[in-house]
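The task is simple: from the sequences and hints, build the whole structure.
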Amino acid sequence: MAQNFLQRLDSRLVSIDEYEREPVPEKQLKGWRGFLGMYAGEHTAGTEFVIGALFVAHGVSAVDLIWGLLVGNLLAVLSWAFLCAPVAVKTKLTLYWQLKKICGGNLATLYNIVNAIMFCFLAGAMITVAATAVGLPFNIPMPGLDDWVPTSVGWVVTVFAVGTVITIVAIAGYEYVARFANISFPWMFLVFMAAAIAVLPGLGVHSVSDFWPAAKERIWTGVPVEGLTQFTFWHVMFFAWFANMAMHIGMSDMSILRFAENWKMGFSSAAGMFFGHFLAWIASGILMAAAAGAVAPGVIAFNSAGIAGAICVVIAGWTTANPTIYRAGLAFQAVTPDWKRWKVTLFTGLLTTVIACFPALVMNLLDFVALYGLVLMPMGAVVFLDVMYFKKLNLISNYADERGIKFNWAAGLTWFLTLTMCLFINIYFGVEIFFLGLPGWFIAVILYIGFSFLLQKQGVRQKDERKAQSL
Amino acid sequence: MITIFLKILSFTGLVLTVVPSILVFTDAITFDMHTNLMVVGMLMWFATSPFWMKEKEL
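If you're matching them up, the sequences are chains S and D in order. Quick note: the first sequence uses my numbering, first residue 1, plus one each step. Quick note: the second sequence uses my numbering, first residue 1001, plus one each step.
To be clear, the hints were calculated from the coordinates, so they are not data collected in a lab. Source: prediction; values computed, not measured. One thing to keep in mind: the hints can contain errors.
Said to hold, decoys possible - Not the full set, but computed from the structure, chain S residues with beta-carbon under 8 Å of chain D:
(1) N182
(2) P186
(3) W187
(4) M193
(5) A194
(6) A198
(7) L203
(8) G204
(9) I307
(10) A308
Where is the CB? At the ideal position from N, CA and C, for every residue including glycine.
Spelled out as structure tokens, the structure:
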């Protein structure tokens, strides 16, 4: 019976990967509606409760926040529409399979491992968020801004309870979670809004005209919490732009947008940016200001929306942690093809749960999100150039596939040297991590074109020599 | 017909989620009443919406 169950499980998980290794056929392409719903749901997640609150803790002013979010989110939408969507529509492949063609199996696998580890940290943050709500009825002491290690045995037990449930569901019912997430989105978004509106009187806002003065003086005051850096318009703008850098400039969302009928559907990401990363971040900032020092999302949500608020935090954390663990499992599976998928997911879930025990991740979520995008960005630049411009530059696209090599050094060196140079800019010029993505992308572009000219010229010379010898 | 009825219940659930907060803001109801109504709204939404909402497309 157990074997039967595992066989059914395995076949279900295999069925999710339809068209993963081949271009999506015409009849499977989707319209605007699916993309709008998907983006709106995916970007109203548990971590939104934390990010808006951390902006407040970093002392951003109200004017900087509003303009920073408007400009940054607009740039993010344009990145999806003009960088990721055209590549996805042209290739109709997932990022992994496109990378394999360009970079070769070994480099694509290395990328996959790095990507999977990043996914584990991201899912870990979401489990931590959910645990702050689950621990409420048991009076578990919640971590604060200064906490880096587990604060109590009760906290560890709560995180493991949440992590275990999420892992089991990721193994057994991914499709149901995806559907549940879809159903939850409209309600979750309204809970965010309702919670923020309900606490406004506590901040001295009793009419619409009171809002802006209170926003400047009591919410986004421009004064950071002691020990945290001061955020400006530029921090907010670059954070909003690069919060999903791995997805747009880094090309991870090729796996979604390859189902698009045309590249313009990249604009559907606006639903996620302006509901989740504009309104929800503003709402969570209001909640943080009203919570008088509390930062645990569960506590903040319970204080402002009662039981429904706490349940919203659990659902928001759970519905986003689950697909993330599943994706990380898929990425790890490329390294361990002999392992059954459910075993890989179990391992991934355990690793993620251990990571989630450390509140340092959530308390430094802004830095982690920026690092996550930055690490994966150079390979996005590689894919963009290779697919869109290599033929115009008289260079060979999909070089690894064409030449049958396992490691494309032009792409590999671009990745490693871009990150090294970003680290150098960070250490020697003191440029903060939030700003490194922009110079990093141009560095990656220049390096990849330069290395490709060198590598491909050498490849042509060797081929000519072999041809001459055979004659 | 049943679907229309379920949709009405679902949207009433969403109304009960967000409108009480506006009533707290205008001082028309207490904060406790707002949190209780949000629970009712949540139950109505999750009890009815799965029966009519379409499958996730992607």
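How the hints compare with the structure:
1. With 8 Å as the threshold, the beta carbon of N182 of chain S comes within range of chain D, its nearest partner Cβ sitting at about 4 Å, so the hint holds.
2. Nearest Cβ of chain D to the Cβ of P186 of chain S: about 6 Å, under the 8 Å cut. The hint holds.
3. Interface hint at W187 of chain S: satisfied, since its Cβ lies 5 Å from the closest Cβ of chain D, which is below the 8 Å cut-off.
4. Among the interface hints, the one on M193 of chain S holds; its C-beta lies about 6 Å from the nearest C-beta in chain D, closer than the 8 Å criterion.
5. Given the 8 Å rule on beta carbons, the hint for A194 of chain S holds: about 4 Å separates it from the nearest Cβ of chain D.
6. Taking 8 Å as the C-beta contact cut-off toward chain D, the hint placing A198 of chain S at the interface holds, the least distance being around 4 Å.
7. The criterion of a C-beta within 8 Å of any C-beta in chain D is not met by L203 of chain S, whose closest approach is roughly 11 Å, and the hint is violated.
8. The interface hint given for G204 of chain S is violated, since its Cβ lies 12 Å from the closest Cβ of chain D, which is over the 8 Å cut-off.
9. For I307 of chain S, the suggested interface contact is upheld, since its CB lies about 5 Å from the closest CB of chain D, less than 8 Å.
10. Taking 8 Å as the C-beta cut-off, the interface hint given for A308 of chain S holds, the closest approach to chain D being about 4 Å.
Taken one by one, the earlier hints fail for this structure at numbers 7, 8, listed in ascending order.
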